[in-house]
Structure formats: structure tokens, C-alpha cells
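**Q** The chain contents come next:
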Amino acid sequence: MDLLLHIANLFLLISFSVKSMLWLRALNILAGGFFIAWAVSYSPPIWSSVAWNILFGLVNMWRIYVAILERRPPRLSAEEQRLHKAVFSELTARDVRSLFDLGQWENGLPPEMLCEVGTVSPRVWMVADGEITVRKADRMIRTIKPGDFVGEASFLARKPLAASVVIESPVRFLSWSTQDLERFMDERPEVASGLQRILSACLVRKLDQVSQAA
Amino acid sequence: MAVQSLSKVPESFRKCRVIDRAGEAKSIAELIHERVTLLLFMRHFGCIGCAEHIATLAPRFVELDQLGVRIVMIGCGSPRFIEPFIERQRLVGEPVEVFTDESLTVQRQAGLGYGHWGGFGPRGVFEQVRAFVRGHVSGDVEGDAKQQAGALLIDAQGIVRLYHQSRSLGDHVDHVRLVDAALSVCLNANPELI
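Those protein sequences? They're chains A and B, same order as listed. Using the numbering used here, the letters of the first sequence correspond one by one to residues 4 to 217. Using the numbering used here, the letters of the second sequence correspond one by one to residues 4 to 197.
Careful: at least some of the hints might be erroneous.
Stated by the list, open to error - One side only, chain B facing chain A, incomplete, derived with CB under 7 Å:
hint : residue
1    : Q69
2    : L186
3    : L190
These are calculated hints, taken from the structure and not from any lab test. Owing to the predicted nature of the structure, the values given are computational and were not obtained by experimental measurement. We put the CB at the ideal spot given by N, CA and C, even for glycine.
Work out the full structure: start from the sequences and follow the hints.
**A** Encoded structure:
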């Protein structure tokens, strides 16, 4: 019966030499099976060893299940895939899925005021199709095109908007509540840095536009 | 008067001088003049904690640069250690300037910690192991090992917008918080952006 013990240890040895965590766990489960067989065949059976190896096996199986789930690509619609490639390429598909789930898709019809000058923006909008207009009094300051954000400056600087955000033509956009976005960024620092990069790139583009206009 | 968050940097700090790799001295006032500046204080140039810190921050340097932030690193070793430090930390071509102050005057004026505890206390030792496990290595002590690190983000008006004093070797300024502060400074300087 010592053969079972040797086989178990051999699988354990192989598991320690593989690089992949998934294979390491799978081989550990296999080794555990032989340890259990050895412990049961022992006279009298070593039940404490059986119990411990069942526990190790369950933990390993759970981790394998989670790892496989994490490897599965999340579902993104054609529109979401397009935005992922064009705007959120810094983030993984899974992180983008979480970000899209946090937001709200809307179709805006004119005329609609999204946020008035002098108020702290309650949301951050990202245009997916069409455009959103930024106005100060009667003067149009800029139009926000697909892939660009508006309200992010108010969100990042926690300051009131310097102009109004209005819908003047049909537009499809995704928006996030600033509170949800802040919580999301606090809870997911690795995603927060990617999102910061995207928002700062958008601000740099706007800064360039302002300096070119000047 | 000490450096404080949301206050103007004191004159005593502005007057401090740091040396570049060529041995040329510059005052802090010159470095922060009319530009948003990030002053990153290192421990000594061979510090494993600083290597870990730079590895975390380096991916954000270009972004900070695009936002108009001047990035200045200040160590406490001899200026001859600057060149090897830049090479070792893969800072060649990065928008970063490196200076040093062996007298530790600038670090003292910035209110940074000083003592053995930060590097060799239980927390410091744990953080050394953590940095080693993450793939960083400790070099020779090139400066004063008792000097602790820190970070200051100063806006173009000379007001401290972010102030971090490291309590130990691995107590780094959070890069998300740092970029958030830089974005906020950039937006406040350009109110027309929305």
C-alpha cells in the first residue's frame, strides 16, 4: 500500500514543479486522491488524513472553478466592443464590463438640459453616438463627439460647471453618477488608474483645443 | 514655519538648494516657479523601498507630464550617484529631473521623517521583504539611510496641493491619489474646461 503513498507524493512533486497555478491545483487534487486512498487502505484507516485531504481538495476545486470563471471573456454588445476598443482600451474587457454595468445607457432627444452652468455635475457623460453641446449663455463653447467625456472636469475637480451641458440633436450616451464612479474608483484602484489615464487624455485633448483656439 | 497641505510653501523651503548630476545648484523656488511641480523625495539612492515606489509611479510620469506637471526627484546622496540611479531605475528618457541634497536641509524643511525606525523597525523590515518579493533589489546605501521619503505636489501659485510624509520605507504616496490631485490642479488652473 506504500505504492499509493509514493504515487501521491510523486504527483505532489510534479505539482510543485509546474508554473501554472491551475495545473498545480489540479495535480494537488490528484495527489490528494491517492493520499486518501492510502489513508483508507491503512489498517486502521487514518481518518484525520482523509478529512484533511478532502478539505484541501475542496479548497483547490473552488479556486479552480473561480479561475476558470475569470478566464471566460465577459459579454460585450457590438456597441460596447466598439467603445472598448476606441475609448477604454487601457482596461480589460472584464473591467469595462463592470464599468458599463455601473453606468446608464440613454438616448437623448433635443432640447434637453443635462446640467446647468454653476452646478456641480451629478453625472459624467460619454457620447457613444451623435454629440452633446456645451454652452455658456448663448455661445456654443464646444461639441462633445463620440468617445469624449463631459462633466469629468467637474467630477475630478469637485467644482461647479463653467458652462451648461445641453442636447441639441439626437444623441446616444452612457453616463455614470459621480457618487457611483467615485465609489467604484475607490474600491478598484487598479481600474481607477486606467480610468484616470483615459480621463486625463480627454482633458489633455480639450486643453490642446483651448490653446489652439486661443 | 513648516510645509503644510493647502498652504503656500514657506520662504525657508523655497530658499533651499539642491544639486543636479552636473553639480549645479538650484533653489526650490526656481524648480517650482510658475509651474505645477511634483517633488518626490527619495530615501537614499540605493533604497529598495524607493525602487518599489518608482516602479509604481513610473507608468504615470508621461500622464503627469502631459498635464503640465514638472517631476523632480530629490535624493540625499552624493551627486555622483545620480547618473547610476537614473540608469538603475530605468528613468532614462522619462520626464523626470533628479537632484540631491546631502546636507538634508531641504528634507528637514519639508518636514520629512528622520530615524532608523522607518527603515529597520518591524514595519520597515516587513516592507523591505515585500519589495524584495516584488522583484526589487537593495543597492548600497547612497545617502543617509535614516532619511525618510515623501512627496509634495505644489501648484503654480506655490500652494501645496498634496503632502505626503512617509512613515516607513514602504509608505509610498498613492499614485491614484497623486494623479487625482494633479488633475484637480490642472482643472482649477483651466476653469473653461468642462
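**Q** Hint by hint, say whether it matches the structure.
**A** Verification of the supplied hints:
1. Q69: Result: holds, 5 Å to nearest chain A Cβ.
2. L186: Holds: closest Cβ of chain A sits about 5 Å from B/L186, inside 7 Å.
3. L190: holds, 4 Å
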